[in-house]
Amino acid sequence: DIQMTQSPSSLSASVGDRVTITCQASQDISNYLNWYQQKPGKAPKLLIYDASNLETGVPSRFSGSGSGTDFTFTISSLQPEDIATYYCQQYDNPPTFGQGTRLEIK
Amino acid sequence: QLQLQESGSGLVKPSQTLSLTCAVSGGSISSGGYSWSWIRQPPGKGLEWIGYIYHSGSTYYNPSLKSRVTISVDRSKNQFSLKLSSVTAADTAVYYCARWGSGRFDPWGQGTLVTVSS
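Chain order of the listed sequences is A and B.
Just so you know, we're using my numbering here: the first sequence kicks off at 1 and counts up by one.
Just so you know, we're using my numbering here: the second sequence kicks off at 1 and counts up by one.
It cannot be assumed that every hint is accurate.
[Unchecked claim] Covered stretches of chain A, as calculated for chain B (at least 3 residues, CB under 8 Å):
(1) 43-57
(2) 84-93
(3) 97-104
[Claimed, not checked] Derived contacts from chain B toward chain A, CB cut-off under 8 Å, selection only:
(4) Gly46
(5) Leu47
(6) Trp49
(7) Asn62
(8) Tyr96
(9) Gly103
(10) Arg104
(11) Asp106
(12) Trp108
(13) Gly109
(14) Gln110
(15) Gly111
Derived from the structure by calculation, the hints contain no laboratory data.
From the three backbone atoms N, C-alpha and C, an ideal C-beta is built for every residue, glycine too.
Okay, chain A solo, but in the shape it has when bound (with noise of 0.2 Å):
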């Protein structure tokens, strides 16, 4: 299987602050990674596909980018509802998640 390293682990930011956070897979997955958002009690949400895709309706601020193994995800300037749990997952078979980054306001 396909491991999915994700950092940091944790992440405390201010509002207004650019925020990004990688994943790195164990081996070549091309652009297949998405990127979800979980928010406290809530079910996870994609926000990201196939590594720069933004899904209809998130907001601007949120993007992705990169391939091959390293891959970026960035929030260009932090809000308050932004705060979350966010999982990178790649889909070459079977699909695998990262361990997830936690973000929290400063």
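With the hints as your guide, set chain B onto chain A.
Below, chain B without anything else, positioned relative to chain A:
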């Protein structure tokens, strides 16, 4: 708008079988060539894919759970189900159902907590 809702027993005894159902509304489970999946999340931990059932009816399970998992679909009721046998405390988790298509889990159900305890 497609919606998914999990239901089933919230408390299962060790060694018994966990059974959950996911009801799909706002669309047909048979349309669009989608597959249907189960994912779980132990308290305070990350996400683990359990398996999915393709639109063809064939199934694909996480190798780590394969010997204990069965996913089935009831198209007449527009729902699909999960059975996990021989459960232990390590199977305590929030269980989510989700649609699987083009490599994405979307949308998800709200999740249901299953506790394994005597």
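Hint by hint, here is what the structure shows:
Restraint check on the segment 43-57 of chain A versus chain B: 7 residues with Cβ-Cβ distances below 8 Å, three needed, restraint holds. With 4 residues carrying a beta carbon less than 8 Å from a beta carbon of chain B, the segment 84-93 of chain A meets the three-residue requirement, and the given coverage holds. Counting residues of the segment 97-104 of chain A whose beta-carbon sits less than 8 Å from any beta-carbon of chain B gives 4, enough to reach three: the coverage restraint holds. For the restraint placing Gly46 of chain B at the interface with chain A, the shortest Cβ-Cβ distance is roughly 5 Å, inside the 8 Å limit, so the hint holds.
Hint status for Leu47 of chain B relative to chain A: holds, with the closest Cβ pair at about 4 Å, below 8 Å. Hint on Trp49 of chain B holds. Least Cβ distance to chain A is approximately 5 Å, under the 8 Å limit. The closest approach between the C-beta of Asn62 of chain B and any C-beta of chain A is roughly 6 Å, which is under the 8 Å cut-off, so the hint is satisfied. For the restraint placing Tyr96 of chain B at the interface with chain A, the shortest Cβ-Cβ distance is roughly 6 Å, inside the 8 Å limit, so the hint holds.
Here the hint on Gly103 of chain B is kept, as its CB sits about 3 Å from the closest CB of chain A, short of 8 Å. For Arg104 of chain B, the suggested interface contact is upheld, since its CB lies about 5 Å from the closest CB of chain A, less than 8 Å. With a least beta-carbon distance of about 4 Å to chain A, the hint placing Asp106 of chain B at the interface is held under the 8 Å criterion. The restraint placing Trp108 of chain B at the interface with chain A holds, with a minimum CB-CB distance near 4 Å, inside the 8 Å limit.
Restraint check, Gly109 of chain B versus chain A: the minimum CB separation of about 7 Å is within 8 Å; hint holds. With a cut of 8 Å, the hint placing Gln110 of chain B at the interface with chain A holds, because the nearest CB-to-CB distance is about 6 Å. Evaluation of the Gly111 of chain B hint against chain A yields a held restraint, the C-beta minimum of about 5 Å falling below 8 Å.
Taken one by one, the earlier hints all hold for this structure without exception.
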